[in-house]
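Using the sequences and the accompanying hints, generate a full structural model.
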Amino acid sequence: MKKIIALVVAVLTIMTFVGCTTPTENPSKDASDLKVGAIYINSKNDTAGYTFAHHNGIVTAMKALNLNVDTQLFIVDEVPEDKAQVLAAVDTLVGKGVDIIFGISFGYIDAMEEASKTYPEVIFSHGTGYKSNETNFNNYFGRAYQARYLAGIAAGLKSLETGNNNIGYVAAYGTEYAETASGINGFALGVQAVNPNAKLHVKKLGAWADEVNESAFAKELINSFGCGVITQHCDSAQPQIAAQNANVFGCGYNSDMTADAPEAHLTAAIWNWNVYYQTAMEAAIACGTADKFVETMGSSAYYGGLKEGFVDVSPLSKNCAKGTESAISQVKNIIVNGEWDVFSGEKLTITVGEDGTATITKNAADLKDNAGNVIVAAGGASVADGVITGTMNYYVAGVEEV
Amino acid sequence: MNKAEVITSFIHNIIVFNIPLLYGTVGEIMVEKSGSLNLGVEGTMAVGAIFGYIVGCYANSLGVGILTAFLAGALCGLLFALLTVSLQANQNITGLTLTTFGLGVYFFVGNGVKATGWPVMGDYSSIQNGFADIDIPLLSDIPIIGKGLFSHNLLVYLGIIIAIAAWWYLKHTAPGLRLRSIGENPAAADSVGINVKLMKYLHICLGCGIMGIGGYYMSLNMSGSFNSSCWINGYGWIAVALVIFANWNPALAIIGTFVFGFFNTLRVSGGSLAAAFPEVFGWLAHIPTQLYQALPFIITAIVLVVTSIKNKRGSSGLPAALGLNYYREER
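Protein chains in written order, with this note's numbering: chain A, 1 to 402; chain B, 1001 to 1331.
These aren't lab readings, by the way, just hints derived from the structure by calculation. Heads up, some of the hints might be wrong.
[As the list claims (entries may be wrong)] Under 10 Å between C-beta atoms, here's a sample of chain A residues computed to sit facing chain B:
#, residue
1, Leu205
2, Asn223
3, Ala237
Glycine is no exception: its CB is placed at the ideal position from the N, C-alpha and C atoms.
This is the structure:
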């Protein structure tokens, strides 16, 4: 409650400066009045995968804010990325009187933009997108590449332990999407920080979900490319199960996959969507009217990382190599305190001593893509956020698509 | 990268990833030879998969799993037969309905079981070991192709045996001949005293049961991990087209499955072939993923065109009365 009061005070302060043009007799609504709408790509009853992760995040955030999930959350699920169907879902939710609508899938982007103009009194918040306005429409995404880098360290240390420098990556897409490319690059750089000789073999599915081939591709990376660690950018745990069946190791994605492959799984890059949803709901309560939402959020694009706890790695399993814990916690530390970031002109070199303590050294070095072009010159600042989310269409050195 | 191993693995992949197509195709041939067109292969395989997997795990027995998958598939067949043979419903519509129904049952049962505790395949040693590869003595020692062709799990061998048995049954036995006559001209078969209804019921159930085992194979090949997408993933539809490719001959279905599987598996193995043989297969690496994804369907379309041109010149295995309901009083 304290937080809410603090936010209300903050908003009121802002409004005294800018609010002269709008009436402000009821600037913040009561939390129990907030109605949350959500549009999902898959079923809200899913027990794993993308929609599950978001639904879980929304429910967790609502519970943290003492909102009633049964009466204050309205969902339209299994909505394909089709403009007319998304707009129909928006109409349904607006009809229920919701104050904020979360659209979780990238392809909802144009419909969300249009709806934000049709219904200026409702807040529209679009996951993984890049469009927004200055009033009631924002987007949100996270620095998954930071978590990938940490998982890469775990994979790299395992490859040193087993002496197998081949690492496999089952990816939904490759350089077509900045989301997948930045994840692959972040992971590769993490691996290379501990094992400079490691090679990352990327095999892309051309689909966000294709369980049959997720399994087949992982088996192929293990059998034909001799990979000793398998990681993934896809929802199902098939690559991890394949790794376990072949007695190799793996890093999952989206959720802790240790239960799916207890003998293979090291750690997974995970999302804590509730971190964003809670921030957004607090802002929706505090902002009073929808047109003040973006202002209350401070920016029309929310881009949280390790620092906010929006992304992280799942607890390290017993399969991790010696020193993994120490290396990951130190790197996490320098990312969280803003000292260093993944795509910069400084390269980390991590070595693990006999006692299992990792030593991290920072050296200025060119960040190059796998064709040899310099992306960031030695000592240069990190690649801009807009590039990481929007236009990163290359692989870093040491990554090969197969 | 060991070149011989890449080829071995490619051959191995062609078989393990495509054997469900053989089950689906042989099952559908059985059904179609009785004059019934069942478009519900996808749904039937899904039902066989989910019940076979869950019951097989609970019983910790591969045999029980296979039997359950067969019975679950056969029950779908019974439903189809009841609607189309006894109640004279339109076969196309009933088949499509069966697909929707089967996928619905798959998710309903799967999600229900998952809510109370999903059986993890790794915990059931008999299933895990039963599905392990078995080397055929001597043959599996042949260099390069040996491990690719003759080191597979039990269900691969069972699929081949069922296909050959079905071919022999249709071609060389009296009941097989009667079945074919029903598919060609049920009225004539009826007039010589063949029990058309009974034969149709039996073979629709038998064929659908075989499809169910194919579904069960998919579940085991996916290590029984149940998620929001279905294990069958469109294989049932490709099987319907492969029936035409195989010219309604179960023995040809084996060849058809693997010719088709060759193209289907390029998506998985293209990269390693290109890396191992850059001069010969280097171009495979430059084919966009989207083309690989479309390839099975492009091949299916080409096959349909070629077979229909060929069939104009006769020698088709297409049962003449396929898709037409037989109503005795209409004679």
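Structure-based check of each hint:
Residue-level restraint check for A:Leu205 holds (minimum Cβ-Cβ distance to chain B is 7 Å; threshold 10 Å). For A:Asn223, the shortest C-beta to C-beta distance to chain B is roughly 5 Å, which falls under 10 Å, so the interface hint holds. Nearest Cβ of chain B to the Cβ of A:Ala237: about 6 Å, under the 10 Å cut. The hint holds.
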